[in-house]
Amino acid sequence: MKLEQPQSMRTVFFDAGFTLLQPHPSVAEICHQVCQQLSLHIHLEQLQDQIEVAEDFYFRHVRSHPHIWADNQDIDDFWIEYYAHLLRPFIEEHDEQRLYQLARTINTEFEKHTSWRLYPDVHETLGALHARGYSLGVISDWGISLGPILRQLELTRYFDCVLISAATRHAKPSPALYDLALQRANAIPDYTIHIGDSYINDVLGARTVGITPVLLDRAHRVTEQTLDCLLVHSLTELLDILEVERLEGEYK
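Following full-length UniProt numbering, the numbering of the sequence shown begins with 1 at its first residue and continues without gaps.
No lab work stands behind these hints, which were simulated from the structure alone.
Keep in mind that this is a model prediction, so the values were computed, not measured.
Glycine is no exception: its CB is placed at the ideal position from the N, C-alpha and C atoms.
Just so you know, not all the hints are guaranteed correct.
Derived DEER-like restraints, expressed as beta-carbon distance ranges [as the list claims (entries may be wrong)]:
| no. | residue 1 | residue 2 | range |
| --- | --- | --- | --- |
| 1 | A131 | T208 | 39 to 45 Å |
| 2 | L38 | E93 | 16 to 22 Å |
| 3 | Q152 | T236 | 19 to 25 Å |
| 4 | F57 | T208 | 25 to 31 Å |
Please put together the full structure from these sequences, using the hints given.
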């Protein structure tokens, strides 16, 4: 699938998690570091296995609470419950105080910019689009900690607006969030693209207000034949879709 009239696009919105940012060094390693600091000595491999089990808790909770990302306290409460669920097999029965101390500490750790890093293609892509005069923004389901994280990672200089669900009180795929992004960017839907890694939240959400969606599949899990939208496997492929030349040299 190709983009019709790529030169007509003037605004590009980006999802944040797993589009621009990824956990560093990994979710399991961050949890493991906190456990070690608080004298819970478990093997990293045990945590990695338990994370796969905890994914079921994550998706069940998100499906049953679709508006969770629209409130910062709800987001904090959810992540604390998630980490408690993750660590419960390693804690003595009835020691809830220690369990939730660990869970709260892990949640706090993920609010720090040091727990996140940019994908290698981020600065190159944003730099090229910024140099060509595109209006850029972020639309993300995240807590209010995202703003400081983006600043510390030196990304805010690229963006004309940052829409964080906890701050706007609207979560993906609500059209209200995407409409607000268009207003903040003074953008027209027909000339706007949104790229993210979730079909439901990013593709369907953007499409509800007339924004052209692009699905980012870094892990190559999706085949283009099964999709009804533009598909890329890296952010730099977005430059190809928009027919934007890549910049030479360093991208930071």
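Here is how each hint holds up against the structure:
1. A131 / T208: 39 to 45 Å: Given range 39 to 45 Å: violated, Cβ gap about 31 Å.
2. L38 / E93: 16 to 22 Å: With Cβ atoms ~18 Å apart, the hint holds.
3. Q152 / T236: 19 to 25 Å: Given about 24 Å between the Cβ atoms, the range holds.
4. F57 / T208: 25 to 31 Å: 28 Å, holds
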